[in-house]
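These protein sequence lines map, in sequence, to chains A and B. Under this note's numbering, residues 1 to 419 are what the first sequence spells out, in order. Under this note's numbering, residues 420 to 492 are what the second sequence spells out, in order.
Hints may be right or wrong, so weigh each one.
Mimicking SDA-like on lysine to any residue, the simulated pairs with C-alpha atoms at most 20 angstroms apart in a straight line are [to be verified]: (1) A/K390 / B/Q469; (2) A/K120 / A/V69; (3) A/K49 / B/N474; (4) A/K49 / B/R475; (5) A/K390 / B/P454; (6) A/K152 / B/P454; (7) A/K152 / B/V450; (8) A/K49 / A/F409; (9) A/K120 / B/L472; (10) A/K120 / B/E446; (11) A/K379 / B/P454; (12) A/K390 / B/D473; (13) A/K379 / B/D453; (14) A/K379 / A/A415; (15) A/K49 / B/P454; (16) A/K120 / B/P445; (17) A/K379 / B/D459; (18) A/K275 / B/Q447; (19) A/K152 / B/L472; (20) A/K152 / B/E446; (21) A/K49 / B/L472; (22) A/K379 / B/A452; (23) A/K152 / B/D459; (24) A/K120 / A/T175; (25) A/K152 / A/R119; (26) A/K152 / B/R475; (27) A/K390 / B/R475; (28) A/K152 / A/V69; (29) A/K275 / B/V450; (30) A/K390 / A/S48; (31) A/K390 / A/L357; (32) A/K120 / B/T442; (33) A/K379 / A/L59; (34) A/K390 / B/L472; (35) A/K379 / B/A449; (36) A/K275 / B/D460.
In short, the hints are calculated from the structure, not lab data. It should be emphasised that the depicted structure is a prediction, and the values quoted were computed from it without experimental measurement.
The residues making up each chain are set out below.
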Amino acid sequence: MFERMRPPSLRAARAAALLVASGALHASAQVAELDLRTTAFLEPSSASKLTVLTPLLSLAVSPTDWLSVSAGYEADIVSGATEAVKAGPLSQGVVDVVSSATSFSDERHIAHGGLRITRKNTHLAAAYSYGTESDYRSNAISVSAGTDFLQKNTQIELSYARGFDRVCTSEFAETLAPSARTALDSSQGCFSDGDERDTRDVDLDNYQVAWTQTWTPVFATQVVATGALQHGFLENPYRSVVITPTGLEALENHPDNRFRTALAVRGRYYLRPIKTAFGLGVRGYRDSWDLLSMTYELEAERYLFPWLRVLARGRFYSQTGALFWSDDYTGGEPELGPRGQYWTGDRELSPLQSYMLGGRVLASWQGRPGDRVLGAFLKLSAGFSLDVVKTNLQEFTWAGQDPDDTWVFLGSLGANAEF
Amino acid sequence: MQVLRKTLLCSALLGVLGAGCATVRPEQRAVLADPVMQFDDQASEDEAVQHALDNREGSYGGGSVQGGGCGCN
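Okay, chain B solo, but in the shape it has when bound (with noise of 0.2 angstroms):
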């Protein structure tokens, strides 16, 4: 389990300080613009499915949210 954790932990920085290194530039989101590159972006269907299996499964969050590589508001 200690191992576990401290994996995780490690990907996580990882992934937090690669997250700095990452550039993607204004003129090179045409594709994560796009809605089906979009995390969410049919909330309220998604919403819908998800609804549904609450109630039939045991499991609750982690769901996702709105919001994707755009940066254009």
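So that you can see chain A by itself, here it is in the shape it has in the complex (with noise of 0.2 angstroms):
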């Protein structure tokens, strides 16, 4: 269920385009680097609580200083209770929708790897992912090119990834029409030729340019362009909405394209009286299902010791809804309208604002020439983080009343070596 509108494909090819980009970071004859986390995500609810764990593993091996290998491998164990029916105010009485919340849990495992290869002023690097789940499969590959010029003080990065999943659904005809269509009760019988199951395509493309320019001795900035493509089965198997005022229930039925874009400009200054580092940041976003979003980020680095560093962070986020979003489907919206030929009970997709704070604090030590740390490893590094986001709704209910799953806790230990 987690994640369910966010097709791990392009995720996945991201984890691997980092894993080859942090190995080549360091790329030098005969380095390994190993990195280590848990991320725990934690979502308290009376009725609809969830919680996930990802354990994460990657290992990236530089044999020559001009190639980086990588592999690794992730899961999301999630566990949970959620709403398999969305309703509006109008159906306050008609229908329960909190005590239809069902527990859950799943687990999906993604392997990924990769390659890069650095020349003096250019890299190219190319990966692939594979994830499972018992309801989802992906395949995705990726490759990007980059290159630094006038001195090295700019640097260019094009990427690409192409997302190939299926996605489990219940048993429909193209056909039939969308409000004859029913949920997935549960992924019993998926990929398995199980009765009344079906798989669908998800197909993602996705394309990325990057600008990273230094200004001076202590400023530095990075736009980032960003267009994906979406094609496929993009609603949630799960979910129902009702939409007639005597209670039918139809699958959730979202447009088949959706084009994504997002401009985003940072920056980061080092203000040396104070000895530390500002990074601000904003991005714009709008897709082709008219939503609109910006965001707002803040943070601020320092050293306390030579060793050890702490990071403080805030960001705001406010959307638009969805052109077809809306609270409820029952009040008699016109049928060839975008709320008559759509329907979603995805709170993404409804207006909403959220502001996020929280912190890292992170300790690390490099090995002197010819010395290495613990007598192993040329460096080593280890952290946490904890951050807390709550979310506004500025009109999504369920039946008329508030979620209460509106906080988040998320919390990240992690360790990284060299050797």
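Both chains are given apart, each in its own frame, so use the hints to dock them into the complex.
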């Protein structure tokens, strides 16, 4: 259920790309880098709490100074409960949405690998990832190329990722009216020729251009433009929406295509008098479902000791609803209008704001030339982070009741070793 | 909307032209090379946070890219 609207291909492709990038950043002959991390996502709620544990292991090896090869594994271990039916205030008393919350647990496993070739001023990278869970399969490839010029003050990177995913759904013919389609009740029988089960494609194309620029000895900026095209079954196969005053439920129905664009500008400035690095970021986003958002991020990081640094960060996010978003579809929307053709129970398509506050503590040690940390490592670091996210849902309700799962606690514990 | 587009285009053009004038010599990059000045220095941790946010918001993309002002590779 977790990330149902966010097919994991692109995430896995990015993870693989990060892995090779990370390895290549430290590329030197016969160096290996091991990264271990566990992240805990906790969303408390009286009826639909959610817990996700994400362990991650990655290894990058640089057999020569121009080549880095990497491989990794991560998992999402999900447990909790979720409401299976979305209804609006007009259905209060007709549908008991909150008591329809059902418990579930699932696991996602993602394996990825890649390589990166680094020359004097350029690099090329390619990565592949495969993800599997009870109701979803993902395959993704990604390629990227980058170059430095103007005395290495300017870096440009182009990247492309392609995902080929399959999602399990209930069995229905494409010609069946969307209002007659039913939601999955469980993942049992998925990908195993189970009765009343089918699979549908989700294709993903992701393009990105990044420009990183140093301006002064203490100031650098980065501009990132992203375009992503999703095509296929973009609904949550488990979620029904009440679409008539009598309580008729139908499987969520979204458009088959979604083109998403984002432009982000970030800057980092080091303020010498207080020995602190400040980061500021702004991102604008718009997609073909007419969802617009703005994100503002601010962070500050400094060393407490030569081996220990702390970071504090804050983030504000605001979005409009999708064109076909409505908290209630039973009020007689025109059949050929956006809310007559499509319906959703996805609160991420509703207008909302979110606030995040958090921080990180990171300890790192580097061996002197010819020496090693603890007799084994060229570099060693360990750290933890904690972030709290509060979401304000402007319109979304469960049959008129405000959701109580609007707080997220996110903790992460990680270690990195180079040897 | 057209004014906004023209402003963005001019800003981008000025930025690109300005980039050619910005010269930070290798011996001036001590601060820029420090991990606190790198974009996406803790990539896997940043990715975990972004993963969680992606699941609770309708937006996607524009994420940070590794790199910064070091230019020392």
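Taking the hints in turn, this is what the structure says about them:
Only pairs whose Cα atoms come within 20 angstroms are accepted, and A/K390 paired with B/Q469 is accepted, the gap being roughly 15 angstroms. With a C-alpha separation of about 18 angstroms, the suggested pairing of A/K120 with A/V69 holds against the 20 angstroms cut-off. Proposed proximity of A/K49 and B/N474 is supported: the alpha carbons are some 14 angstroms apart, at most 20 angstroms. Taking the CA atoms of A/K49 and B/R475, the gap is near 14 angstroms; set against the 20 angstroms cutoff, the hint holds.
Only pairs whose Cα atoms come within 20 angstroms are accepted, and A/K390 paired with B/P454 is rejected, the gap being roughly 29 angstroms. Distance restraint check for A/K152 and B/P454: the Cα-Cα separation of roughly 17 angstroms lies within the 20 angstroms cut-off, and the hinted pair is therefore satisfied. Our distance criterion of 20 angstroms between C-alpha atoms is met by A/K152 and B/V450, whose separation comes to about 15 angstroms. In summary, the hint linking A/K49 to A/F409 is supported, as the alpha carbons are separated by about 12 angstroms, within the 20 angstroms threshold.
Under the criterion of a C-alpha separation no larger than 20 angstroms, the hint pairing A/K120 with B/L472 is inconsistent with the structure, at around 36 angstroms. Restraint check for A/K120 and B/E446: the C-alpha separation of about 18 angstroms stays at or below 20 angstroms, so the hint holds. Restraint check: the Cα-Cα separation between A/K379 and B/P454 comes to about 13 angstroms, which is no more than 20 angstroms; the hinted pair holds. With a CA separation close to 14 angstroms, the supplied pair A/K390 and B/D473 stays within the 20 angstroms bound.
In summary, the hint linking A/K379 to B/D453 is supported, as the alpha carbons are separated by about 15 angstroms, within the 20 angstroms threshold. At roughly 11 angstroms between alpha-carbon atoms, A/K379 and A/A415 fall within 20 angstroms of each other, so this suggested pair holds. Distance check on the hinted pair: A/K49 and B/P454 sit about 37 angstroms apart at the alpha-carbon level, beyond 20 angstroms; violated. Our distance criterion of 20 angstroms between C-alpha atoms is met by A/K120 and B/P445, whose separation comes to about 15 angstroms.
With a C-alpha separation of about 18 angstroms, the suggested pairing of A/K379 with B/D459 holds against the 20 angstroms cut-off. This hinted pair checks out: A/K275 and B/Q447 have alpha carbons roughly 16 angstroms apart, not beyond 20 angstroms. With a CA separation close to 33 angstroms, the supplied pair A/K152 and B/L472 exceeds the 20 angstroms bound. The straight-line distance between the Cα atoms of A/K152 and B/E446 is roughly 12 angstroms, inside the 20 angstroms bound, and the hint therefore holds.
A threshold of 20 angstroms between alpha carbons decides the hint, and for A/K49 with B/L472 the separation of about 16 angstroms falls inside it, so the pair holds. Taking the CA atoms of A/K379 and B/A452, the gap is about 16 angstroms. The hint holds against a cut of 20 angstroms. Taking the CA atoms of A/K152 and B/D459, the gap is about 18 angstroms. The hint holds against a cut of 20 angstroms. The hinted pair formed by A/K120 and A/T175 fails the criterion: a straight-line CA distance of about 56 angstroms is larger than 20 angstroms.
Note on A/K152 and A/R119: the hinted pairing holds, with a Cα-Cα distance of about 13 angstroms set against a maximum of 20 angstroms. Between the alpha carbons of A/K152 and B/R475 the distance comes to roughly 38 angstroms, so the proposed pair goes past 20 angstroms and is violated. Distance hint between A/K390 and B/R475 is fulfilled; the C-alpha atoms sit about 10 angstroms from each other, no more than 20 angstroms. Between the alpha carbons of A/K152 and A/V69 the distance comes to roughly 24 angstroms, so the proposed pair goes past 20 angstroms and is violated.
For the hint linking A/K275 to B/V450, the alpha-carbon distance of about 10 angstroms falls within 20 angstroms, and the restraint holds. Among the hinted pairs, A/K390 with A/S48 is consistent with the structure: their alpha-carbon atoms are about 16 angstroms apart, no more than 20 angstroms. For the suggested pair A/K390 and A/L357, the alpha carbons sit about 9 angstroms apart, so the restraint of at most 20 angstroms is met. About 19 angstroms separates the Cα atoms of A/K120 and B/T442, which keeps this hinted pair within 20 angstroms; it holds.
At most 20 angstroms may separate the alpha-carbon atoms for a hinted pair to count; A/K379 and A/L59 meet this at roughly 14 angstroms. Using a Cα cut-off of 20 angstroms, the hinted pair A/K390 and B/L472 holds, with the two alpha carbons roughly 11 angstroms apart. With a C-alpha separation of about 19 angstroms, the suggested pairing of A/K379 with B/A449 holds against the 20 angstroms cut-off. Annotation: proposed proximity of A/K275 to B/D460 holds, straight-line Cα distance about 18 angstroms (limit 20 angstroms).
When the structure is compared with the earlier hints, violations turn up for hints 5, 9, 15, 19, 24, 26 and 28 and for no others.
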